[in-house]
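With chain A fixed as given, assemble chain B onto it according to the hints.
Read top to bottom, the protein sequences are chains A and B. First residue of the first sequence? That's 55 in our numbering, and the numbers climb one at a time after it. First residue of the second sequence? That's -2 in our numbering, and the numbers climb one at a time after it.
Think of the hints as simulated: they come from the structure by calculation, not from any bench. What you are looking at is a predicted structure, and each value in this text was computed from that prediction instead of being measured. Glycine included, each C-beta is placed from N, C-alpha and C at the ideal position. One or more of the hints may lead you astray.
[Stated by the list, open to error] Here are the computed distance ranges between Cβ atoms for each label pair: (1) B/ASN184 / A/ILE254: 37 to 45 Å; (2) B/ASP98 / A/PRO406: 26 to 34 Å; (3) A/TYR423 / B/LEU67: 56 to 64 Å; (4) B/ASP40 / A/LEU280: 36 to 44 Å; (5) A/LEU181 / B/PHE105: 33 to 41 Å.
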Amino acid sequence: MGYLTPSTKLTPPRWDLLSKHEEAERARAAQENIREPYVTNNRSAVWVGDRIASAIENPTPLWWYIATAISAAVASLAGLGILYLILTGVGVWGENNSANWAWDITNFVFWIGIGHAGTMIAAVLYLTRQRWATGINRAAEAMTVFAVMCAGVYPAVHVGRVWFAWYLAPIPNANGIWPNFRSPLLWDVFAVSTYLSVSIMFWYVGLIPDLAAMRDRVKNKILKYLYAVLCLGWRASARQWVNYEFCYLMLAGIATLLVISTCTVVSSDFSTSVVPGWHGTIFLPYFGVGAIYGGFCMLITLLVPLRELYKFQDLITLRHIDLCCRFVLLMALLITYIYLMEFFVAYTGGSPNERFTFYRDRIFGPYSYTWVCMLIFNSVIPMLFWSKRVRRNPWMAFGVIIFPSIGMWLERFVIIVSSVHRDYLPSSWGMFYPTYVDILTFVGTFGIFFLCYLLFIRFFPMIAIAEIRGVLPEANPHDPPAVERNGALAKEEAHHA
Amino acid sequence: MPEVITPLASSVDSGVVPKKLYGIGAEFAGPKEIFAAAEKVRDKGFKNWDCYTPYYVHGIDAAMGQRKSLVNLFTFAGGLGGLTGAFLLMVISSVYVYPIDTQGKPYFSLPGFVPIMDLLMILISAIMSIVGMVALNGMPRLHHPLWEWDAFTRATHDKFFIVIESFDPRFSEKAAIDLLRELGGANLTYIGETE
Chain A
55 MGYLTPSTKL TPPRWDLLSK HEEAERARAA QENIREPYVT NNRSAVWVGD RIASAIENPT
115 PLWWYIATAI SAAVASLAGL GILYLILTGV GVWGENNSAN WAWDITNFVF WIGIGHAGTM
175 IAAVLYLTRQ RWATGINRAA EAMTVFAVMC AGVYPAVHVG RVWFAWYLAP IPNANGIWPN
235 FRSPLLWDVF AVSTYLSVSI MFWYVGLIPD LAAMRDRVKN KILKYLYAVL CLGWRASARQ
295 WVNYEFCYLM LAGIATLLVI STCTVVSSDF STSVVPGWHG TIFLPYFGVG AIYGGFCMLI
355 TLLVPLRELY KFQDLITLRH IDLCCRFVLL MALLITYIYL MEFFVAYTGG SPNERFTFYR
415 DRIFGPYSYT WVCMLIFNSV IPMLFWSKRV RRNPWMAFGV IIFPSIGMWL ERFVIIVSSV
475 HRDYLPSSWG MFYPTYVDIL TFVGTFGIFF LCYLLFIRFF PMIAIAEIRG VLPEANPHDP
535 PAVERNGALA KEEAHHA
Chain B
-2 MPEVITPLAS SVDSGVVPKK LYGIGAEFAG PKEIFAAAEK VRDKGFKNWD CYTPYYVHGI
58 DAAMGQRKSL VNLFTFAGGL GGLTGAFLLM VISSVYVYPI DTQGKPYFSL PGFVPIMDLL
118 MILISAIMSI VGMVALNGMP RLHHPLWEWD AFTRATHDKF FIVIESFDPR FSEKAAIDLL
178 RELGGANLTY IGETE
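This is chain A alone, in the form it adopts within the complex (with noise of 0.2 Å):
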């Protein structure tokens, strides 16, 4: 008596459910022996594990003592940029009266839109049952997590007296007064921390079936007892599992309202003012596609190197790859459209600065370069992924994607510099040009990015191996022989033969 674990609970049996599981469960099974499989080359359960926990348990490569040394020194860049700033103002950065939002707001956008792309792969996969982002999506979290926490510098800093920062949360400041909740800044706020915290959690709860299983199998003390404090006590039970599993579903549809909620907050940042190119619509749509574009691609970065690193090239396929360039045409696609549809109605609009700012400015103005290479990175370069050859090359996939990734970049840097540096009034008009503090900070959050990513890829599973194990043949307890699995499987090769 006095055990208080959910096996205490009496439950009776759902027989109705459990035949149409079933039935449910071998159709699913005959389906998918026909695709090409999640884990390749028939490996088992075991070696999945065994693999993937290797990266913590072998001895440390000499690669990775380089990289760590070289992230943590650029990433002392930004410690010092920040430092330099708090100490002496915002106005080491080049922001000006014509340009008052620049750098600053571009990197906060850039990184936080990575961020998005990690739970929209985590949760949104998950969600519609692609069982194959079982594969990604723990490295994709992870990416989201640094990725906002890069992000989450530049709002703290960019207020100026970062001392005062505290006024944005929801209490009376030192004289009494509460925030303005109808701004788009305090949202903004809030929609951050937000989402900073929920990307922790689904990465977290993502984490602690594998945090048991480190914990059960590293020799180390001190590791041991870590993995044993962070997975809660895990026990691997079936009552466990469906209870975890309820909730991990819960958390993949919160964090997916979420990700529309912060796009639609950080778009309102912009959309909600009367700068020309910033006073549209379209914004929601075009922060949400340009998020899950720049995430793609900085996932892809990410994934070529460590399954090579790693010899994950069975767990992170050319399936994987593959698919995640198409999501980048996808995206791409999407995104040109949205550049095009912004041309269409500042035209229809009727609005003569809105008209000037992108049919003028945008076109010819002193930043068109960044304009044009924007439109050449993001919507024509991608297009090579209309090859599957060159999807199916992870290198060649990869040295394709660092346009992108740039081309993101400077797509919110033209959204933010060029509509704002020549808005309605000529005598206003300016210039921003970056000083070395915008250039130091930014190329620092890079740094302190792959520091976290390094650590977190020596110290935790940086595949899910509980989730990928659940995909295997091997796991479905309703799963047909291997040699009826390799007939449909022949059956399928002859029929694209």
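Positioned in the frame of chain A, the structure of chain B alone reads:
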């Protein structure tokens, strides 16, 4: 006379029964085997027992006769709480405590409050989902009788276990051992607990 210390987990064949029995565990080779075994244990009418699997075996909840998880109630409660909390936070502060006239907008401007209501609803429902999951799963725990069983560390790796707990109304040592043997369980073990 020196006290004899009985081990907390010992093989059924050894005949050394721990002073206080938590349950009897058996090892199964794979998901198919444990799925079939779970159906049989369910049909025998046991209530306090559990399967331990390295990953979620689809359909095992039905094979065990489990009811749907209750985590969604926590999610809903959290969402409702967050929504109401955010609404009250903004209405009380910007209508009653410190009304600020911003650009002539009404103090009670509901459309402007929607984003934060939405975001806090999401935040609190996410927190509550996890709280619910952790609570329903009997976590966090730093110790559990099952961890006395050496083989059990493989429950997160490659082995599948069924443990019939001693506080099940139908539990008897012999019945449980016979059943687990009959279902093809290997390495049958008494799992004890400290008093």
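Problem - Those earlier numbered hints the structure runs against, lowest number first - result: Of the numbered hints, all hold.
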